[in-house]
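Chemist: For reference, the chains in residue letters:
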Amino acid sequence: MSYTEKELKEELDNKSYEFGFVSDIESEKAPIGLNEDIVRLISSKKNEPQWMLDYRLESFRVWKEMSEPNWAHVKYTKPDFQNISYYSAPKKKKELQSLDEVDPELLRTMEKLGISIEEQKKLSGVAVDFVMDSVSVATSFKEKLGELGIIFCSFSEAVQNHPDLVKKYMGSVVPHTDNYYSALNSAVFSDGSFCYIPKGVRCPMELSTYFRINESGTGQFERTLLIADESSYVSYLEGCTAPQRDENQLHAAVVELIALDKAEIKYSTVQNWYPGDAKGVGGVYNFVTKRGICGYRSKISWTQVETGSAVTWKYPSCILKGDYSIGEFYSVAVTNNFQQADTGTKMIHIGKNTKSTIISKGISAGKSQNSYRGLVKIGKGAKNSRNFSQCDSLLMTDQCGAHTFPYIECENPTATVEHEATTSKIGEEQLFYCMQRGISEEKAISLIVNGYAKEVLNKLPMEFAVEAQKLLEISLEGSVG
Amino acid sequence: MSELLIEIKDLECRIDDQKILQGLNLKINKGEVHAIMGPNGSGKSTLSSVLAGNDNYEVTNGSINFLGEEISEMSPEERSWKGMFLAFQYPVEIPGVSNINFLRTALNERNKFYGIDSIPAKEFLKMVAEKSELVGLNNKLKNRSVNEGFSGGEKKRNEIFQMAMLDPKLSILDETDSGLDIDALKIVANGVNKLKSSENATVVITHYQRLLDYIVPDFVHVLHEGKIIKTGDKSLALELEKKGYDWLKTDSNI
Ligand SMILES: Nc1ncnc2c1ncn2[C@@H]1O[C@H](COP(=O)(O)OP(=O)(O)OP(=O)(O)O)[C@@H](O)[C@H]1O
Ligand SMILES: [Mg+2]
Chain A
0 MSYTEKELKE ELDNKSYEFG FVSDIESEKA PIGLNEDIVR LISSKKNEPQ
50 WMLDYRLESF RVWKEMSEPN WAHVKYTKPD FQNISYYSAP KKKKELQSLD
100 EVDPELLRTM EKLGISIEEQ KKLSGVAVDF VMDSVSVATS FKEKLGELGI
150 IFCSFSEAVQ NHPDLVKKYM GSVVPHTDNY YSALNSAVFS DGSFCYIPKG
200 VRCPMELSTY FRINESGTGQ FERTLLIADE SSYVSYLEGC TAPQRDENQL
250 HAAVVELIAL DKAEIKYSTV QNWYPGDAKG VGGVYNFVTK RGICGYRSKI
300 SWTQVETGSA VTWKYPSCIL KGDYSIGEFY SVAVTNNFQQ ADTGTKMIHI
350 GKNTKSTIIS KGISAGKSQN SYRGLVKIGK GAKNSRNFSQ CDSLLMTDQC
400 GAHTFPYIEC ENPTATVEHE ATTSKIGEEQ LFYCMQRGIS EEKAISLIVN
450 GYAKEVLNKL PMEFAVEAQK LLEISLEGSV G
Chain B
0 MSELLIEIKD LECRIDDQKI LQGLNLKINK GEVHAIMGPN GSGKSTLSSV
50 LAGNDNYEVT NGSINFLGEE ISEMSPEERS WKGMFLAFQY PVEIPGVSNI
100 NFLRTALNER NKFYGIDSIP AKEFLKMVAE KSELVGLNNK LKNRSVNEGF
150 SGGEKKRNEI FQMAMLDPKL SILDETDSGL DIDALKIVAN GVNKLKSSEN
200 ATVVITHYQR LLDYIVPDFV HVLHEGKIIK TGDKSLALEL EKKGYDWLKT
250 DSNI
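Sequence order for the protein chains is A and B. Just so you know, we're using numbering that gives the first Met the number 0 here: the first sequence kicks off at 0 and counts up by one. Just so you know, we're using numbering that gives the first Met the number 0 here: the second sequence kicks off at 0 and counts up by one.
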């Protein structure tokens, strides 16, 4: 296993990005470009059953007829979909019984990420399903979860071992026809996570997946499906870092959550894809479709801390179908330098007495653009439904922008919809006050920003909150002006 | 023998095109209390900001020697670590940051500067309990966000609480008495007195001689148009209370 000179140089050049290292694991790549044969290749590499291939082909057909959406408040060079490799898997692929069998290189990668599985096993009770590029290569805690009947595995494994659940729920919340990126994902998705919590089971630990984009020029198309059966509970963590790249990388994931009657799903994300350098070169394009559906008296909370990506396009949503169901969205989105984010949520109230809360905290620095886009839709039958939205923007410089696009569609007069929005500039007086007390400017910024985002950070599980705070600090270094 | 703490010479500063301090001289020894009085807009708060290192003000002339070191170019945080403290006339609010967290960060940043370990939680909390009692700070305020939603008087008390926690060499209290009720005034003044030692000094900026009944100054200075135009002892404050500033203004014009 060796580096080419070019790769080595590239890696050295890229040291500046905190987690910007490239893992030295051989991988098997599909030829560049996208056509029906590639879709078939992906499916056969994964040994998929016919129904899965059919689903991919149908999605591909739909995708070809769609065009890339233009409505978001972002400007970027459209990715060349024919210049991407759609499949990449670590070569040494075999069943892993224990950590000893995991590629030591991979273990080192995890260590660099600060998530040594060993440690996590002992200390935090987190089960880590590590997605390296496209194929999950390490899964832990399976046995313990298995005793409770919890299924937590890679999506590919689920296709093989739990086809009925996958067939029943895949595409039920985000149909392949939903949008351009979800159609693309449905055709070429590489891998991702699958989780099923049986009736009445409270998942005793936070389930966690760490994603990484690891191959130059490899599009990453994750697929996550999470089903919480009646009266069950699960808290799921998704976190990611990406190595620095000088070319734009496309990431188009689909996440589907299904909370059956009286179930609760907490889904937390810390997103730190490579944002491009200080001049705006490179960086990940992140076009994600995340959506959950709620049954009777069930609840879905999305909590996200977004600091990465050159371009982010992301609207975790809830379909509040069951009566008395609850949807929540807590978000901190940071943009710095030339980053652009268009993010927000959709709360679709269908059932009676449904309730949704939206707390969005945007932080813009440098020359970045940060937009909140939220839709609250109250259907005809959504009697006595309530929504509360609060969208705050914090500006760090005079050159950045914050935008709020709230859309409200209310078809039921008994519903209440409240929307509050504020924009503030980080105060020179606040900074001076902190500095007078001996707190340096950088630290003061992080303190003030963390204070501003506290409502959201508090919703994250403990370990994640700490990590998120650090991320905020790193991503805002030298940002006041 | 008195030891020099700070010496300000010919200090001039401006903001935009407006000159504010115009040749200010002041010398403070360890163990002393100085009162600065003067009409609105004479430059009292500006002086305290400049001493604390607020770079909104451009220092155009003069020097500030603090503990034997020229500090005109020093960052505000470094001045703070060296023992400069300003109780603000208008303390700012920092939403979402608890008073406790704020102070712990401040202390740890200073420790870091001096290469000392961060202060253990237990020790820190003990110190918080002690010092908040000193200024009669309501227990609830400690865990609330810095100054957010505090009443005017609570903010002022909180400033003195922070001062007690940081144990500075030079404390500048900019109108700390305004907004305090009579009982609070006594408590706060009492706290300030307890913090006094032969190693530190206090500058009290005030409009009212009443505060000086509690915090007794060694010197009273009158600031007018960016200059100290008169210095006296405590009796000067009494005189000012009776006569106002006009008699001095004409004096200085001669
Ligand atoms: N940031 C600023 N921008 C413009 N002018 C300023 C600024 N700060 C101070 N000044 C001006 O400088 C002068 C002195 O102000 P300063 O606040 O120092 O007065 P002061 O003596 O503290 O008054 P008071 O007794 O009302 O507190 C005033 O004319 C004020 O308007
Ligand atoms: Mg003043």
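These are calculated hints, taken from the structure and not from any lab test. Be careful, since some hints might not be right.
Stated by the list, open to error - Listed below are the simulated DMTMM-like cross-link pairs for lysine to aspartate or glutamate, each with C-alpha atoms no more than 25 Å apart in a straight line: (1) B:Lys141 with A:Glu428; (2) B:Lys18 with A:Glu441; (3) B:Lys81 with A:Glu428; (4) B:Lys111 with A:Glu47; (5) A:Lys469 with B:Glu92; (6) B:Lys81 with A:Glu427; (7) A:Lys442 with B:Asp116; (8) A:Lys458 with B:Glu57; (9) B:Lys141 with A:Glu441; (10) A:Lys166 with A:Asp79; (11) A:Lys354 with A:Glu263; (12) A:Lys442 with B:Asp217; (13) B:Lys168 with A:Glu440; (14) A:Lys167 with A:Asp276; (15) B:Lys18 with A:Glu47; (16) A:Lys424 with B:Asp116; (17) A:Lys442 with B:Glu11; (18) A:Lys453 with A:Asp260; (19) B:Lys139 with A:Glu454; (20) A:Lys469 with B:Asp116; (21) A:Lys424 with B:Glu57.
Chemist: Next step is simple, just say for each hint if it's right about the structure.
Modeler: So, going through the hints one by one against the coordinates:
1. As the CA atoms of Lys141 of chain B and Glu428 of chain A are separated by approximately 21 Å, the hinted pair is consistent with the 25 Å bound.
2. Proposed proximity of Lys18 of chain B and Glu441 of chain A is contradicted: the alpha carbons are some 31 Å apart, above 25 Å.
3. At most 25 Å may separate the alpha-carbon atoms for a hinted pair to count; Lys81 of chain B and Glu428 of chain A meet this at roughly 21 Å.
4. With a C-alpha separation of about 57 Å, the suggested pair Lys111 of chain B and Glu47 of chain A falls outside the 25 Å cut-off, and the hint is violated.
5. Between Lys469 of chain A and Glu92 of chain B the CA atoms are separated by roughly 23 Å; this keeps the pair inside 25 Å, and the hint holds.
6. Taken as a hint, the Lys81 of chain B and Glu427 of chain A pair is honoured in the structure, with Cα atoms around 22 Å apart against an allowance of 25 Å.
7. A hinted pair counts as satisfied when its Cα atoms are at most 25 Å apart, and Lys442 of chain A with Asp116 of chain B qualifies at roughly 17 Å.
8. Straight-line distance between C-alpha atoms of Lys458 of chain A and Glu57 of chain B comes to about 44 Å, which puts the hinted pair past the 25 Å bound.
9. About 24 Å separates the Cα atoms of Lys141 of chain B and Glu441 of chain A, which keeps this hinted pair within 25 Å; it holds.
10. Among the hinted pairs, Lys166 of chain A with Asp79 of chain A is inconsistent with the structure: their alpha-carbon atoms are about 31 Å apart, more than 25 Å.
11. With a CA separation close to 14 Å, the supplied pair Lys354 of chain A and Glu263 of chain A stays within the 25 Å bound.
12. Pair hint Lys442 of chain A plus Asp217 of chain B does not hold up; C-alpha atoms about 38 Å apart against a cutoff of 25 Å.
13. Restraint check for Lys168 of chain B and Glu440 of chain A: satisfied, since their Cα atoms lie roughly 22 Å apart, inside the 25 Å limit.
14. Restraint check: the Cα-Cα separation between Lys167 of chain A and Asp276 of chain A comes to about 43 Å, which exceeds 25 Å; the hinted pair is violated.
15. Between the alpha carbons of Lys18 of chain B and Glu47 of chain A the distance comes to roughly 79 Å, so the proposed pair goes past 25 Å and is violated.
16. Of the supplied pair hints, the one linking Lys424 of chain A and Asp116 of chain B is violated, its CA atoms being roughly 34 Å apart against a limit of 25 Å.
17. Pair hint Lys442 of chain A plus Glu11 of chain B does not hold up; C-alpha atoms about 31 Å apart against a cutoff of 25 Å.
18. A distance of roughly 31 Å separates the Cα atoms of Lys453 of chain A and Asp260 of chain A; the hinted pair therefore is violated under the 25 Å criterion.
19. Proximity of Lys139 of chain B to Glu454 of chain A is assessed by CA-CA distance (about 19 Å); at most 25 Å being required, the pair is judged to hold.
20. For the suggested pair Lys469 of chain A and Asp116 of chain B, the alpha carbons sit about 20 Å apart, so the restraint of at most 25 Å is met.
21. In summary, the hint linking Lys424 of chain A to Glu57 of chain B is supported, as the alpha carbons are separated by about 23 Å, within the 25 Å threshold.
In this structure, the earlier hints numbered 2, 4, 8, 10, 12, 14, 15, 16, 17 and 18 are contradicted, and the remaining ones agree with it.
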